[in-house]
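There are 4 protein chains.
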Amino acid sequence: MSEHFTPPPGAFTRSVAIRFSHCDPAGIVYFPHYFDMFNGLIEDWYTYELKHDYAELIMGDRFGFPFVHIECDFKIPSRIGEIIELTLLVERIGRSSLGIAIVCHGDGLVRLRARMVTAMMSLETKKPVPLPHALRTAIEAYQARTTAALPA
Amino acid sequence: MSEHFTPPPGAFTRSVAIRFSHCDPAGIVYFPHYFDMFNGLIEDWYTYELKHDYAELIMGDRFGFPFVHIECDFKIPSRIGEIIELTLLVERIGRSSLGIAIVCHGDGLVRLRARMVTAMMSLETKKPVPLPHALRTAIEAYQARTTAALPA
Amino acid sequence: MSEHFTPPPGAFTRSVAIRFSHCDPAGIVYFPHYFDMFNGLIEDWYTYELKHDYAELIMGDRFGFPFVHIECDFKIPSRIGEIIELTLLVERIGRSSLGIAIVCHGDGLVRLRARMVTAMMSLETKKPVPLPHALRTAIEAYQARTTAALPA
Amino acid sequence: MSEHFTPPPGAFTRSVAIRFSHCDPAGIVYFPHYFDMFNGLIEDWYTYELKHDYAELIMGDRFGFPFVHIECDFKIPSRIGEIIELTLLVERIGRSSLGIAIVCHGDGLVRLRARMVTAMMSLETKKPVPLPHALRTAIEAYQARTTAALPA
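Chains as they are written, first to last, in the numbering used here: chain A, 1 to 152; chain B, 153 to 304; chain C, 305 to 456; chain D, 457 to 608.
Worth double-checking, as some hints may not be accurate.
To be verified - Simulated crosslink set (EDC-like; lysine to aspartate or glutamate; CA at most 16 angstroms straight-line): (1) B:Lys227 - A:Glu71; (2) B:Lys203 - B:Asp213; (3) C:Lys379 - D:Glu527; (4) C:Lys379 - C:Glu389; (5) A:Lys51 - A:Asp61; (6) A:Lys75 - B:Glu223; (7) B:Lys278 - B:Asp213; (8) A:Lys51 - A:Glu124; (9) D:Lys582 - D:Asp517; (10) D:Lys531 - D:Glu596; (11) D:Lys531 - C:Glu375; (12) D:Lys507 - D:Asp517.
These are computed hints drawn from the structure, not numbers from a lab.
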């Protein structure tokens, strides 16, 4: 039943410490917090992996990245004091949309797994905008180097 | 593109006022808050529609209702000061699992739409438990009376 | 030790249902949620009591109401399933600042009690602005009618 | 008006990256998030500085650390993309209570400053308990080594 996971070499992975504030009266992470962690992971991926500062994209360039679709399977709950790992993989690069997979894992086992589609939009016009060339190139390069190692 | 929605007669619907605290620097609801609203809707549905007090189920009977699967399509963003409606429908009743659809709408248009599967578990044994008979009967009755009006 | 509280006649009071999502692994409200409740109370007070739509003040008029000072005494914890009452009283009206007291109570006993000072500012200039005349008048009238009944 | 701050040598300080999710439609941190950051800082201080694992104190030993009193002065707002520093200092060690000061700073200037009093309690009896000897000793040592350097 348990699903093993090893991030592909070069995949963007960040640790999150499960805190008191993440947990509910049942002692496990209250699930909306995972989505907040996912958003934080995506921010850091833009800034530190793609080298496009997320804050600048939002506040400077006035882009937004609203989610269009999310799906998530929850396998193993997480508890206060645990450290979990979040790995981001690119599934699909559209004209203005981006399909991302996030795997949350610990001790080599999948805790939860999400697929999320974001659209890039202008906060001024409220319309979708095509991914800027430099950003698209960076995302394509990330996708290429993190899927090369996947079995055919 | 816009999708109309009218809740079936008898469907459990609650209004939520979009607050300052729900909204992000782009001025729209930060998406994890929707999941928190959904959980609140489910709580109220148990307590006020099914007449099974949610707090008592958790703290008294020591049941938990973790999510197993969630999927969500986001159509129209919501902004501070708006009032949105959340309607809960039952899709599938399993042995210990429950498939729920939540439609978030305003002015007759779908804002977002989610499908969520929860499992009922014991907080003591950490194992799934079958839905108690009275609860199952109440859920079945709700499902019957809210789908009767749906077109064949 | 327990402190009784009856809101003055005419005081703005709202009920809040304590939810699963408010509570921590100790089964009581995780304290930052109280501050979120306070902000929601203040929003509703502007909109429904003072008849100055809070969303319009923020998004239309581009005012902000950042907190300058907060102090809070926690007396009795609250638990999932409880309904608590929040009452807002005006303590001091400055040129651009406002001193508010919020009493959170249940069954006539104080649960927690906060004093908060907000400043009114322009989101454009990032500078404090004097309270607009109509708003000031509404706040003064509220203060007058809710303190008249307090013992001298 | 601006207040300089340099943490005393040895003071426990952690950086927090201000995220999209921390910020409100005015583009600055929504204030309840600061209290959540403070709680996280306190957790890490117990675990990494005092060497008393916070998760174990809560879930293993069944202690709770509810806040009794909080006061906070907000000086400079923080925005998405900024990195702020949180420094924890001990103000007072009581029988079961603890007075903590948290200074949030950036670029040597105070952003906000809080004083918080927690009580240590048993989650079983719901009563205050005296600080365990080893924990008290660790807190006293921390207080001693971080105030030695303060000007007389």
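Quick rundown of the hints versus the structure:
1. Pair hint Lys227 of chain B plus Glu71 of chain A holds up; C-alpha atoms about 15 angstroms apart against a cutoff of 16 angstroms.
2. Using a Cα cut-off of 16 angstroms, the hinted pair Lys203 of chain B and Asp213 of chain B holds, with the two alpha carbons roughly 15 angstroms apart.
3. The straight-line distance between the Cα atoms of Lys379 of chain C and Glu527 of chain D is roughly 15 angstroms, inside the 16 angstroms bound, and the hint therefore holds.
4. Among the hinted pairs, Lys379 of chain C with Glu389 of chain C is consistent with the structure: their alpha-carbon atoms are about 14 angstroms apart, no more than 16 angstroms.
5. Taking the CA atoms of Lys51 of chain A and Asp61 of chain A, the gap is near 15 angstroms; set against the 16 angstroms cutoff, the hint holds.
6. The straight-line distance between the Cα atoms of Lys75 of chain A and Glu223 of chain B is roughly 15 angstroms, inside the 16 angstroms bound, and the hint therefore holds.
7. The hinted pair formed by Lys278 of chain B and Asp213 of chain B meets the criterion: a straight-line CA distance of about 13 angstroms does not exceed 16 angstroms.
8. Between the alpha carbons of Lys51 of chain A and Glu124 of chain A the distance comes to roughly 24 angstroms, so the proposed pair goes past 16 angstroms and is violated.
9. With a CA separation close to 13 angstroms, the supplied pair Lys582 of chain D and Asp517 of chain D stays within the 16 angstroms bound.
10. Taking the CA atoms of Lys531 of chain D and Glu596 of chain D, the gap is about 30 angstroms. The hint is violated against a cut of 16 angstroms.
11. Restraint check for Lys531 of chain D and Glu375 of chain C: the C-alpha separation of about 15 angstroms stays at or below 16 angstroms, so the hint holds.
12. Distance hint between Lys507 of chain D and Asp517 of chain D is fulfilled; the C-alpha atoms sit about 15 angstroms from each other, no more than 16 angstroms.
Comparing the model with each numbered hint stated earlier shows that hints 8, 10 do not hold.
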